[in-house]
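Q: Be aware that the sequence shown starts at 0, since it is given in the numbering used here, and climbs by one per residue.
Everything labelled a hint here was simulated from the structure, so no lab data went into it.
There's no promise every hint is true.
Stated by the list, open to error - Simulated crosslink set (DSSO-like; lysine-lysine; CA at most 27 Å straight-line):
| no. | residue 1 | residue 2 |
| --- | --- | --- |
| 1 | Lys424 | Lys388 |
| 2 | Lys42 | Lys158 |
| 3 | Lys348 | Lys420 |
| 4 | Lys21 | Lys42 |
| 5 | Lys384 | Lys341 |
| 6 | Lys158 | Lys348 |
| 7 | Lys63 | Lys158 |
| 8 | Lys332 | Lys278 |
| 9 | Lys49 | Lys278 |
| 10 | Lys405 | Lys348 |
| 11 | Lys53 | Lys158 |
| 12 | Lys395 | Lys384 |
| 13 | Lys117 | Lys420 |
| 14 | Lys117 | Lys328 |
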Amino acid sequence: MGSIDLFDTLSPLDFRYYGRSKQAFGALQPYLSETAFVRYLAKVEAALAKVLAKQGICTEKIAKEIEKASQRVTAEEVAKPYVHFTATSHDIICSADAARFKDFTNAVLVPLLIQLEKTLILSARREKSTPQIGRTHGQHAEPITFGFAIAHYVSRLGKRILEIKETGNNLRGKLAGAVGAYNASSLLIKEPELFEQEVLAQLGIKPSPISTQVVEAEYLTDYCHAIVSCFGVLANLADDMRHLQRSEIQEVAEAFGEKQVGSSTMPHKRNPINFENVKSMWKTFMPRMTSVYLDQICEHQRDLTNSASSRFVPELLAGLYLATLRMDKVMSKLVVDKAALKKNFEQNKEMIAAEPAYILLAAHQHPDAHEAIRELTLKAQSSGKPLTKLILEDKKLAPYLKKFTKQQLGLLRNPELYIGKSEQKTESVCKDWEEALEL
C-alpha cells in the first residue's frame, strides 16, 4: 500500500497537528507512531535474544543477527529463529509501550513542560508587582498582582511535571508468559524472574511485581492520570487568559503577527484562538481517561476488551504535547495591558476598603464591625459617595478609627496597597519550583 494523502486521514490529530508540523512530527514520530511501536517491539525482541544467548539457549551469532535485524525490521518482515522465544505477545507489547512512553516522557514531554514552567516563572516575576483586581465567582474581590495569579499555575504545573516524571519512569514491562506465571521460561531457565529483570533492564525498565498476561494496569493508569490532570492545568490557564481578553476586560492579549487574521468577517477582532485551541484539545482528550480507567478491568488472566482502546493512548500523550507547545508559544508573547488593569481595578476601588475596614474595626473591639461596614457599602452604592470617605467620616466609628495605625489608615485610603503577600508569595513560589525542578 502506498503512502496515504494527508487529506485522506481520519484523525484531525494527523491531518491538522501532526502531519502538517515538522516540529511535532520530529518530536512524536520516534516514540508514538506505529513505526516507533514496531521499532520498540523489535528492541524488546533483541534484548530477549541477547539474554537467551547469555543463558546458552541460543548462540551469540543468532542473538547478534536478531539485534541487527531489529534495527531495520519493518512490520511486514519476519525475523530470525528464537525471536519471541518463551514470550507471549503482550510480554513484548507491554514492555515496548513502557519503554517508549518512558523515553518519550524523558526526552520530549518533560523538557517541553519545563520550558513552559520557565515561561510562567518569567511572567510571574515580571508582573509580581502589577496590581490586578482579584475575582471570585466572576465578581471583583480583593486586590492581588498579575504575577501572583500566574504563580498559581507555576505551582500547579510544577506538581504535574513531577508526577508525570515519576509515573513515566515507573512504567513496567513483563516477560512472564501467557498467564504471568513464567510457565514457558521455567522449562529452560533456572531463574526466570532474574531472566525477566535482565531483559527489561536493557530497555531501561523494571518488571511488574506480578503479572497476568499483561502488566498490572495501575502503572499506565497512574501515568495517564498525571497526563490528563496536567492537561487540566493548561486548560484552566487557557480559560483564565482568554476571559481576561474579553472586550470588557482586555487585561491581556495574544501577540498577533502583522498578517494574522482574528476573524474571517470582522477584521478588527483579535480572537484568543490559541487559548481556545488548548481548551478544545483538553475537551477532546480528557474523556479518554475514562477508557484508561475501564482498561484496568481484565477478566481472569487476560481478555481482549482493551485491544482497541489501549491503542489510543499515544494520542493522549500527543495531545498534551501539542497543547503544551502552543501554550508556551502564546504565554511567552503574552501582552499585559497595565492601563486596562488599572482601569478595571478602579471600577470598584472604593469598595476594596470594606474587608480591611471591618477586620481592623473588629480587631479594635467594635461589637458588630461586619454589619457596620455592610450598611456603609449599601449607602455608598446608593449615594455614589466613596466608601472610604463614608467610613472615615462616620462618627460612630471615630473612636475605633483613632486606634488605627498610620499604615492601617493608609490601606483604607490606598486600596492598591491592599495586596497582602502577593509579591512575596509570587517570588517564593517561583524560587521553590526553580529548586524543585533544578531550573
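Q: Now look at each hint and say whether the structure bears it out.
A: A quick look at each hint next to the structure:
Among the hinted pairs, Lys424 with Lys388 is inconsistent with the structure: their alpha-carbon atoms are about 31 Å apart, more than 27 Å. About 32 Å separates the Cα atoms of Lys42 and Lys158, which puts this hinted pair outside 27 Å; it is violated. With a CA separation close to 19 Å, the supplied pair Lys348 and Lys420 stays within the 27 Å bound. For the proposed pair Lys21 and Lys42, the alpha carbon gap of about 26 Å is at most 27 Å, so the pair holds.
With a CA separation close to 20 Å, the supplied pair Lys384 and Lys341 stays within the 27 Å bound. At most 27 Å may separate the alpha-carbon atoms for a hinted pair to count; Lys158 and Lys348 exceed this at roughly 35 Å. Between Lys63 and Lys158 the CA atoms are separated by roughly 43 Å; this puts the pair beyond 27 Å, and the hint is violated. For the hint linking Lys332 to Lys278, the alpha-carbon distance of about 18 Å falls within 27 Å, and the restraint holds.
Of the supplied pair hints, the one linking Lys49 and Lys278 is violated, its CA atoms being roughly 47 Å apart against a limit of 27 Å. Restraint check for Lys405 and Lys348: the C-alpha separation of about 20 Å stays at or below 27 Å, so the hint holds. Using a Cα cut-off of 27 Å, the hinted pair Lys53 and Lys158 is violated, with the two alpha carbons roughly 42 Å apart. Between Lys395 and Lys384 the alpha-carbon distance is near 18 Å, which keeps this suggested pair within the 27 Å criterion.
Of the supplied pair hints, the one linking Lys117 and Lys420 holds, its CA atoms being roughly 22 Å apart against a limit of 27 Å. A threshold of 27 Å between alpha carbons decides the hint, and for Lys117 with Lys328 the separation of about 12 Å falls inside it, so the pair holds.
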